[in-house]
Every structure is written in C-alpha cells, then in structure tokens.
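Number of protein chains: 2
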Amino acid sequence: MSKVIANMSMSLDGVVSHPESGVEHLFGWYFRGDVLVETGHDDFDFKLTETDADLVRDAMTSIGAIVYGRRTCDEANGWNGSHPMGCPVFVVTHNPPRDWPHEDVRFVTEGVPSAIERAKAAAGGRQVAVGSPDIVRQCLDAGLLDEIRIDLVPVLLGQGTRFFGEIARSPIHLGDPEIIPGAGVTHLHYEVKTR
Amino acid sequence: MSKVIANMSMSLDGVVSHPESGVEHLFGWYFRGDVLVETGHDDFDFKLTETDADLVRDAMTSIGAIVYGRRTCDEANGWNGSHPMGCPVFVVTHNPPRDWPHEDVRFVTEGVPSAIERAKAAAGGRQVAVGSPDIVRQCLDAGLLDEIRIDLVPVLLGQGTRFFGEIARSPIHLGDPEIIPGAGVTHLHYEVKTR
Chain A
1 MSKVIANMSM SLDGVVSHPE SGVEHLFGWY FRGDVLVETG HDDFDFKLTE TDADLVRDAM
61 TSIGAIVYGR RTCDEANGWN GSHPMGCPVF VVTHNPPRDW PHEDVRFVTE GVPSAIERAK
121 AAAGGRQVAV GSPDIVRQCL DAGLLDEIRI DLVPVLLGQG TRFFGEIARS PIHLGDPEII
181 PGAGVTHLHY EVKTR
Chain B
1 MSKVIANMSM SLDGVVSHPE SGVEHLFGWY FRGDVLVETG HDDFDFKLTE TDADLVRDAM
61 TSIGAIVYGR RTCDEANGWN GSHPMGCPVF VVTHNPPRDW PHEDVRFVTE GVPSAIERAK
121 AAAGGRQVAV GSPDIVRQCL DAGLLDEIRI DLVPVLLGQG TRFFGEIARS PIHLGDPEII
181 PGAGVTHLHY EVKTR
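Line by line, the protein sequences are chains A and B. Per the UniProt record's numbering, the very first residue in the first sequence carries number 1; after that it's consecutive. Per the UniProt record's numbering, the very first residue in the second sequence carries number 1; after that it's consecutive.
Just so you know, these hints were derived from the structure itself, not from any lab. For glycine and all other residues, C-beta sits at the position ideal for the given N, C-alpha and C. The reader is advised that the hints may include incorrect statements.
[Claimed, not checked] Quick list of the computed label-pair ranges, beta carbon to beta carbon: (1) B:Pro181 / A:Arg195: 16 to 26 angstroms; (2) A:Gly175 / B:Ser62: 21 to 31 angstroms; (3) A:Arg32 / B:Glu20: 40 to 50 angstroms; (4) B:His102 / A:Thr194: 55 to 65 angstroms; (5) B:Gly125 / A:Gly28: 42 to 52 angstroms; (6) B:Gly86 / A:His94: 58 to 68 angstroms; (7) A:Glu166 / B:Glu178: 24 to 34 angstroms; (8) B:Asn80 / A:Thr39: 51 to 61 angstroms; (9) A:Ser114 / B:Glu117: 57 to 67 angstroms; (10) B:Glu24 / A:Phe27: 52 to 62 angstroms; (11) B:Ser114 / A:Phe31: 41 to 51 angstroms; (12) A:Ser114 / B:Phe31: 35 to 45 angstroms; (13) A:Ala142 / B:Asp99: 51 to 61 angstroms; (14) A:Thr194 / B:Phe31: 19 to 29 angstroms.
[Unchecked claim] The list that follows gives simulated cross-link-like pairs (lysine-lysine, DSS-like), each with its CA atoms no further than 27 angstroms apart: (15) A:Lys193 / B:Lys47; (16) A:Lys193 / A:Lys3; (17) B:Lys3 / B:Lys193; (18) B:Lys47 / A:Lys47.
[What the hints assert, rightly or not] So the derived list for chain A, only partly shown, Cβ under 8 angstroms to chain B, looks like this: (19) Leu12; (20) Asp13; (21) Gly14; (22) Val155; (23) Leu156; (24) Leu157; (25) Gly158; (26) Phe164; (27) Pro171; (28) Leu174; (29) Pro181; (30) Leu188.
Working from the sequences, and respecting the hints, build out all of it.
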C-alpha cells in the first residue's frame with residue numbers, strides 16, 4: 001500500500017515559501033556539495049553532499065506520484081507537462097485548464113481525498129508525495145497522511161508562507177523522528193500517529 | 001563572557017504556548033522517564049530519561065540569570081519571588097509593581113538590551129536565558145542572541161503562541177545544530193550566525 005508523505009524544506013520558523021529570498025535560503029542545501037544528482041530536467045540538477053545525495057536519490061526512486069495544489073502548479077508553469085521527478089502529478093483544482101495535452105500532469109476536481117486515491121492507484125505501490133501546504137493541511141484534517149518529512153533549514157525568514165497553519169483536529173501526535181543530519185539542513189522524518 | 005540563549009519547548013508547527021492543552025503536550029517530555037531531577041520547587045520536579053535528564057541538569061547548572069517578559073511573569077505569579085531554577089530573574093516591563101519585596105525577581109523598565117546587560121552582570125559568567133517569545137524577538141532584532149535551543153516536540157497543535165514571528169532583519173542565519181535525540185522530544189542547539 002502506498003504511503004502518503006509530506007516532504008518540505010522548512011526554515012526553523014516554519015516558512016516554506018518566502019516572497020523574495022525563499023528559494024535561495026530554503027533550497028540552498030541542494031547545492032552544498034560535490035555529488036551531482038540528475039533529475040529529468042537540466043535546470044533542476046542538484047550538487048549535494050554524499051549524505052544528502054543518498055537521501056534525495058532515495059526519495060526520487062521512492063516516489064510514485066505527487067499531489068499538488070493549483071497555485072504550486074501555476075507557479076511551476078505546470079512543469080511544462082513533465083515533472084522533474086519523472087512521475088505522474090495530480091493537481092487539485094476547481095477550474096482545470098481546457099485542452100491540457102500532458103498526460104503526466106492531471107487535474108482533479110473532486111477534492112483532496114479523490115486526488116490521493118488516484119495518486120495511490122498511479123504510484124504502483126510506491127509513495128505518494130504531497131507537495132503544497134494547503135493540501136498537506138487537508139490531508140491532515142482527513143487523516144490521510146502517513147509521514148511528515150521536514151528538511152529543517154537553519155535560518156529564520158520572518159515572513160512568508162508557513163508550512164503548518166490551523167488544523168481542524170488538534171493535537172496531531174507524531175512519533176519521535178528519524179534524524180539525518182545534513183549540510184545546511186537537518187532531515188527529520190516523522191510518522192503521523194493521530195488519525 | 002555570558003552567552004545569551006533562548007531555550008523553548010516548541011511543537012513542530014512552531015507553537016510554544018497553547019490556550020488549552022499546551023502544557024500537557026509541550027512539556028510532557030519532562031515526565032517521560034524514571035530519573036528524578038529536583039528543582040527548587042516540589043511542584044516543578046521532573047521525571048526524565050537519562051539523556052534528557054543530563055541535558056536538563058546541564059541547563060540548570062549553566063544558567064546564571066533569566067530574562068522574561070511581563071506576561072510570562074504574571075502568568076507564573078512572579079514565581080512567588082523565587083524562580084525554580086534558583087537564579088536571579090529580570091522582567092522587562094513598563095509598569096513595575098510597587099513594593100515588590102523579592103530580590104531575586106527584579107523589574108527592568110529600560111528595555112531589553114538593559115535587561116540583558118543586567119542579567120549578564122548577575123550571571124557571573126554563566127549563561128543568560130531568554131524566556132519569552134517577544135523578548136527573544138527583540139534580542140534577535142538587536143543582535144543580542146548567541147544560541148537558540150529548541151526542544152522540538154513531535155506534535156502539531158494548530159493554534160497558540162508561535163515562538164518565531166516577524167523579525168526586523170531577515171534572514172537570520174544559524175549554524176547546523178547540535179542534535180540530541182530525546183524521548184518525545186528532539187533537542188536542537190543552534191548558534192546564531194547573523195548579527
């Protein structure tokens with residue numbers, strides 16, 4: 001059965017998207033080392049330390065499908081129809097584009113649980129990644145999330161989009177994390193205990 | 001020279017004080033083990049695992065003075081004039097109480113930098129702890145903070161007071177943390193790099 005996993009680079013003050021300097025600070029650890037990790041797109045190739053490279057490679061081979069919100073999709077220009085992770089993508093939206101020709105980026109109008117279900121079917125037993133804060137929150141509210149993987153970056157950004165906002169049911173208990181120290185990042189993998 | 005250290009138990013979603021269940025969830029790790037750690041007050045004695053007990057004992061012997069905001073002081077009823085850590089406390093306020101008879105809890109009306117200075121003088125070379133989110137923010141803005149120690153609790157609380165809010169200068173860079181895994185908590189000790 002596919003696990004549903006939220007994985008985000010987050011500052012210590014909880015920010016996952018900053019209006020100006022977020023990419024530089026939140027994703028700087030993807031370019032801190034000498035180990036080249038190629039993705040499907042030249043623009044997205046990474047230069048990582050050995051530890052971080054192992055982790056990113058493992059994530060890339062483990063993920064079978066990704067669920068995003070519409071804003072993330074629009075900001076990424078729909079990944080031009082082909083996500084760098086090389087897997088099918090499901091975008092939750094009320095207003096799907098017409099005449100969208102790309103099979104690997106699909107739009108789901110029936111809500112988050114339906115998108116998760118379709119992503120699981122497409123993932124072929126591999127993991128389903130959840131890639132937008134709003135979708136993560138809806139998965140938490142619906143009890144659909146199995147793991148939260150935080151790439152915790154040692155920076156305070158002060159403002160920007162925070163990963164965790166209000167949740168319908170609280171508290172949500174997590175297990176003690178698996179901890180993988182990185183360079184410019186600390187990887188924390190939590191199992192979601194509350195359903 | 002005394003280091004100035006912010007140390008808080010914080011949920012993964014950044015909450016350090018919850019209107020209803022915060023104490024239970026944020027400070028539950030203080031009562032997860034068999035090792036008794038006595039404080040100056042019977043009401044505050046801890047039952048910790050060996051690792052967490054070592055850390056708490058070390059903190060207790062390292063701290064020479066604490067700086068709080070007025071609200072924290074009021075919520076704790078002024079610690080009845082004697083803080084459980086057994087060290088002098090400086091409370092930043094515009095309106096100090098009249099006829100306050102307790103020497104070990106002192107009120108400072110000249111602002112946060114003055115309170116830090118007085119706490120350093122009282123700490124005798126030991127650490128100065130900063131104990132309220134608002135005071136931490138002001139220390140960050142003034143470049144007065146040396147370390148941030150987060151006791152990161154694996155729970156999502158959804159609402160409550162967040163440790164980190166807006167900061168005047170951002171980003172503030174931290175070093176990669178010293179990591180001490182605990183039971184129901186992950187201790188992360190960050191050096192503040194940006195001044």
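Quick rundown of the hints versus the structure:
| no. | hint | verdict |
| --- | --- | --- |
| 1 | B:Pro181 / A:Arg195: 16 to 26 angstroms | 25 angstroms, holds |
| 2 | A:Gly175 / B:Ser62: 21 to 31 angstroms | 30 angstroms, holds |
| 3 | A:Arg32 / B:Glu20: 40 to 50 angstroms | 41 angstroms, holds |
| 4 | B:His102 / A:Thr194: 55 to 65 angstroms | 43 angstroms, violated |
| 5 | B:Gly125 / A:Gly28: 42 to 52 angstroms | 36 angstroms, violated |
| 6 | B:Gly86 / A:His94: 58 to 68 angstroms | 59 angstroms, holds |
| 7 | A:Glu166 / B:Glu178: 24 to 34 angstroms | 32 angstroms, holds |
| 8 | B:Asn80 / A:Thr39: 51 to 61 angstroms | 60 angstroms, holds |
| 9 | A:Ser114 / B:Glu117: 57 to 67 angstroms | 59 angstroms, holds |
| 10 | B:Glu24 / A:Phe27: 52 to 62 angstroms | 36 angstroms, violated |
| 11 | B:Ser114 / A:Phe31: 41 to 51 angstroms | 43 angstroms, holds |
| 12 | A:Ser114 / B:Phe31: 35 to 45 angstroms | 42 angstroms, holds |
| 13 | A:Ala142 / B:Asp99: 51 to 61 angstroms | 56 angstroms, holds |
| 14 | A:Thr194 / B:Phe31: 19 to 29 angstroms | 20 angstroms, holds |
| 15 | A:Lys193 / B:Lys47 | 24 angstroms, holds |
| 16 | A:Lys193 / A:Lys3 | 14 angstroms, holds |
| 17 | B:Lys3 / B:Lys193 | 14 angstroms, holds |
| 18 | B:Lys47 / A:Lys47 | 45 angstroms, violated |
| 19 | Leu12 | 7 angstroms, holds |
| 20 | Asp13 | 3 angstroms, holds |
| 21 | Gly14 | 4 angstroms, holds |
| 22 | Val155 | 5 angstroms, holds |
| 23 | Leu156 | 4 angstroms, holds |
| 24 | Leu157 | 5 angstroms, holds |
| 25 | Gly158 | 4 angstroms, holds |
| 26 | Phe164 | 3 angstroms, holds |
| 27 | Pro171 | 5 angstroms, holds |
| 28 | Leu174 | 4 angstroms, holds |
| 29 | Pro181 | 6 angstroms, holds |
| 30 | Leu188 | 7 angstroms, holds |
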